[in-house]
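Visitor: Protein chains in written order, with the working numbering: chain D, 1 to 272; chain R, 1 to 355.
Hints in this document: simulated from the structure, not taken from any laboratory.
Watch out, some of these pointers could steer you wrong.
Chain R is nowhere near these chain D residues, computed Cβ spacing over 12 Å in every case [claimed, not checked]:
| no. | residue |
| --- | --- |
| 1 | Ala128 |
| 2 | Met133 |
| 3 | Leu251 |
One-sided excerpt, in silico: chain R residues whose CB lies under 10 Å from chain D [as the list claims (entries may be wrong)]:
| no. | residue |
| --- | --- |
| 4 | Thr81 |
| 5 | Val84 |
| 6 | Phe102 |
| 7 | Gly300 |
Lysine-lysine pairs mimicking DSS-like chemistry, simulated, CA-CA at most 25 Å apart [unchecked claim]:
| no. | chain 1 | residue 1 | chain 2 | residue 2 |
| --- | --- | --- | --- | --- |
| 8 | R | Lys107 | R | Lys134 |
| 9 | R | Lys138 | R | Lys115 |
| 10 | D | Lys181 | R | Lys327 |
| 11 | R | Lys179 | R | Lys233 |
| 12 | R | Lys190 | R | Lys113 |
| 13 | D | Lys48 | D | Lys227 |
| 14 | R | Lys172 | R | Lys182 |
| 15 | R | Lys233 | R | Lys190 |
| 16 | R | Lys115 | R | Lys233 |
| 17 | D | Lys181 | R | Lys134 |
| 18 | D | Lys56 | D | Lys181 |
| 19 | R | Lys105 | R | Lys190 |
| 20 | D | Lys181 | R | Lys105 |
| 21 | R | Lys175 | R | Lys348 |
| 22 | D | Lys181 | R | Lys107 |
| 23 | R | Lys190 | R | Lys179 |
| 24 | D | Lys181 | R | Lys113 |
| 25 | R | Lys179 | D | Lys181 |
| 26 | R | Lys327 | R | Lys233 |
| 27 | R | Lys175 | R | Lys138 |
| 28 | R | Lys138 | D | Lys181 |
None of these values were measured; they are calculated from a predicted model.
All C-beta atoms in this analysis are idealised placements derived from N, C-alpha and C, irrespective of residue type, glycine included.
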Amino acid sequence: MDGLTPRWRTSLIWAWTAVIVVFMYLPGLCLLLASLTSSRYFVFPINKWGVAWWEKTFSSLEIHQLFKTSITIALCVTVIAVVIALFGALAFARYDWKGRSIYQKIVLLPIFFPQSVLGLALLLWFNALGLTMSWQTAVFAHLVWIIPVCTLVISIQVYSFDPALEEAAFDLGATRWQVFKEVTLPVLFPGIFSGALFAFLLSWGNFPLSLYTTGADTTIPEYLYAKMVAGYTPGVPVLGTVSTVGAAALLLIGYGLILILRRRRASAPSDT
Amino acid sequence: MNGRSPILQLHNLTKTFGSFTAVKGISLDISEGEFFTIVGPSGSGKTTLLRMLTGMESATSGDILLRGARINDLPANKRPTCMVFQSLALFPHRTVGQNIEFSQKIKGVEPAKRKARALQLMAQLRLPENYYDKSVTKCSGGERQRVALARALAYDPDILFFDEPLSAIDYKLRKTLEKELKDIHRETGKTFIYITHSLEEAMVMSDRIGVMRSGQLVQVGSPQQIYSSPGTKFVSEFIGDVNVIGVRATATTGVHAAEFGVDFVTQPVPAGFGEGHLVVRPESLRFLGSRSEAQNCLEGRVYNEYVLGSRIQYQVRVGEHVFIVEKLRQQAFAGSLDDQVLIGWDAKDSILVTD
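Only chain R is shown next, with the shape it has when bound in the complex:
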């Protein structure tokens, strides 16, 4: 990613609806050929942001620069960008071929040429050639995804936008399509900007992820960075099940948890960190034989277990506080429910975040 020129730059981009500010001063550079995903819960402003980038919504203030040129006032049909819609928005009265060729028909490309292009895209997206004359309404969910992607690619856009196109698809197919999309990204080398409410989905596909909350980008980084060092409690909880303990810094590598009345050893405490949260991932927690086996330790009771395929989660209660411990099936907890246990983790797995 480094060294490549930015294709899209946002400067202090803001959108207000009446007295409500949906997007608050977002600044961001997106590199040529990057797969950038914007993640956020519903109402975080991610869809509004995307609609401004596509030209379907006008920005209240700030700039959108495409290769250095301001495109704020360029309408969607004049922008060299294209979006795959959440509903896919395939034209129901057209065949697969006609859907894919739509943009070229508008441009006035001759029929033979655009058919050749459509068939080439269909082959690339693993759509059978005889689907060319098939009605889109008769295609399956996965096939419709591919047609929508082919239609967008046929426009030959500089940037492809995706508005949660996989959200309505069942889990198994979604996992397959996520990987396919990442493969298509590699093959085409185009810039992909994707929005979703699922950080898990974002992790699989993206080069970089931007996490949005209340109209602001709260963190931007690689999936690894977001996963291993979430800056805030919001981001850490967005990733999935995590254990969060309210703490106060007491030493350069130590915090005090008032809830349990104990001190924990952590990674070096960031400068200026006063009150905050200690985050421990479920897979970082271990069942201990004795207190000396880990740097941090708590005593609790196994309350329940949940089998998640190859992994098993245990709910361990320490007083009123619920901890989630996750183990691979091969390393399953040997005891039974209601056993008193010691759970522990090391300083390197103690992630400190602010509110």
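One chain only, chain D, in its complex shape:
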């Protein structure tokens, strides 16, 4: 780096950053472009532009059903995962107990399982238990993988939590439940909120676990895959784009909410 002037150095850093950003976001852009064709097949570069497939996709009852299934699964997963992960995270990061170190490893391990294998294993289990595959079994399958992730996300917030806050509230006359409601929960809320976003989005985009465990029900990622294997229409990139943009929008809204919350806390009027 000795021969480089600071200006060159800065330019190189920016150029490198730009290459990485293009590398990450260009495929998404291609997806959008592929959806904006009026031809039946995927031809690149596009010669006939149009939004016909967008209209078709949005009016399709089948697509409505896909959204309903995907959202239902993701919402169920979010609610259950956040409740379990919050208490899991308190055990993970707040309390010091015998066996905590082993617990931490066991909880995190499922994150690294190959999901296709995990999906198969769950399918075998559900079969052995005599369950019929449906969106409900998929919720459980998602939870096996998402609870560990959610626990980890909330734990990060718990690590920065001063246990003296709980002691202080208890010392000031609060019951255990009041301590949890008035101090622990609100102080940890940003972490819980992030955990919920993670849970929802990871469930929303999950393919390998759903593939094995949804049975007759179909989620958006499953549908996309099926259509790619047989029966491609530009409806596929439309749905892909909607699914991606929807997830991104949810993240942005979540981020916005956190910002508003922080600002409100900074200049909060006294609630009663």
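Chain D is already provided as a structure; the job is to place chain R on it using the hints.
Guide: This is chain R only, laid out in the frame that chain D set:
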């Protein structure tokens, strides 16, 4: 202090963690309205002792009596006591007002009443009224101290505990807050129990001080008593810079220092005092013109000087032994470094302590 009834009594209070005994059989009476400070180095068990008194830690054996009633098994949220934490533990998601009102909200006091109380406490602690709606995370260090104190006072406790709340504050502000705290103690008339590792801090504020070492109270007394007659070498050294000489009693008012091969005149030697230490404070040492100017005298060399604002300290070496001599700026040593000097002190400044 005398004549007032004890508000808190400890009988043989002990706490063990596995095979480690953190607090060893402490017995102590603390009077109503007293400012009592427990001083000790880290690991001396003072925090464990305090946590037992607040109810956050259970005692292994012994009794804690509050106005004569045993409160060992009363959890912290049922005890009429309150603690100001080392980290202050202010609720970061709440405003100054909400922090102060927390205990009253828990009790179900109506909003208007608790706001009035909060504003009254804020005025008493010199927090501006418009801070009521300010986020605690935006307050300065000194302001946060006051909010934490106000929050504890709003609970209206019989005893207020302090777990080194000033330890993370810079020197100048700490000195101001120490005096403020003592003023608040006078105004409220409540019993304050304070723990710190700084004897200097304890001296400024306390009615009585208890010095802890290895889980035991080694000395209890007024700041004056601790300062002028520390019972042990540990306590005397804890106060600050002191000169310590190993001695053996030889007469009713005399000891022999083998290190220098000389005898020193002291205050009457306590009965049973055999081997021990002679403690001389830096401000008791004087530079002498001749040997006849003081009862005890040593010859040494000025090695270095340290300016401490209004006072100056000199390091004087007598052989290998380092002595600290402290003078007011107006009475500064007239010579220069490496001068041969006579240093001396009188029998009344010879404090005898055991190990």
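Visitor: Holds or violated: is the Cβ of R/Val84 closer than 10 Å to a Cβ in chain D?
Guide: holds, 9 Å
Visitor: Within 25 Å, alpha carbon to alpha carbon, are D/Lys181 and R/Lys107?
Guide: holds, 15 Å
Visitor: Is the hinted pair D/Lys48 and D/Lys227 satisfied, with a Cα-Cα distance of at most 25 Å?
Guide: Status holds; Cα separation ~22 Å.
Visitor: Please verify whether R/Lys233 and R/Lys190 have alpha carbons no more than 25 Å apart.
Guide: violated, 33 Å
Visitor: Measuring Cβ to Cβ, find out whether D/Ala128 lies farther than 12 Å from everything in chain R.
Guide: Holds, because the least Cβ-Cβ distance between D/Ala128 and chain R comes to about 46 Å, which exceeds 12 Å.
Visitor: So if I understand the rule, the pair passes when the alpha-carbon distance is 25 Å or less; does R/Lys107 with R/Lys134 pass?
Guide: holds, 23 Å
Visitor: Minimum Cβ separation between D/Leu251 and chain R greater than 12 Å?
Guide: holds, 23 Å
Visitor: Could you grab the alpha-carbon distance between R/Lys179 and R/Lys233 and see if it respects the 25 Å cut-off?
Guide: Roughly 29 Å between the alpha carbons, so the hint for R/Lys179 and R/Lys233 is violated.
Visitor: Take a quick look at whether D/Lys181 and R/Lys105 sit within 25 Å of each other, Cα to Cα.
Guide: holds, 13 Å
Visitor: With the threshold set at 25 Å, check whether the alpha-carbon distance from R/Lys115 to R/Lys233 stays at or below it.
Guide: violated, 51 Å
Visitor: Hey, D/Lys181 versus R/Lys134, does the alpha-carbon distance stay inside 25 Å?
Guide: holds, 22 Å
Visitor: Straight-line Cα separation of R/Lys138 and R/Lys115 no greater than 25 Å?
Guide: Between R/Lys138 and R/Lys115 the Cα gap is close to 20 Å, so the pair holds against 25 Å.
In the structure shown, a violation is registered for the earlier hints numbered 7, 10, 11, 15, 16, 18, 21 and 25, in ascending order.
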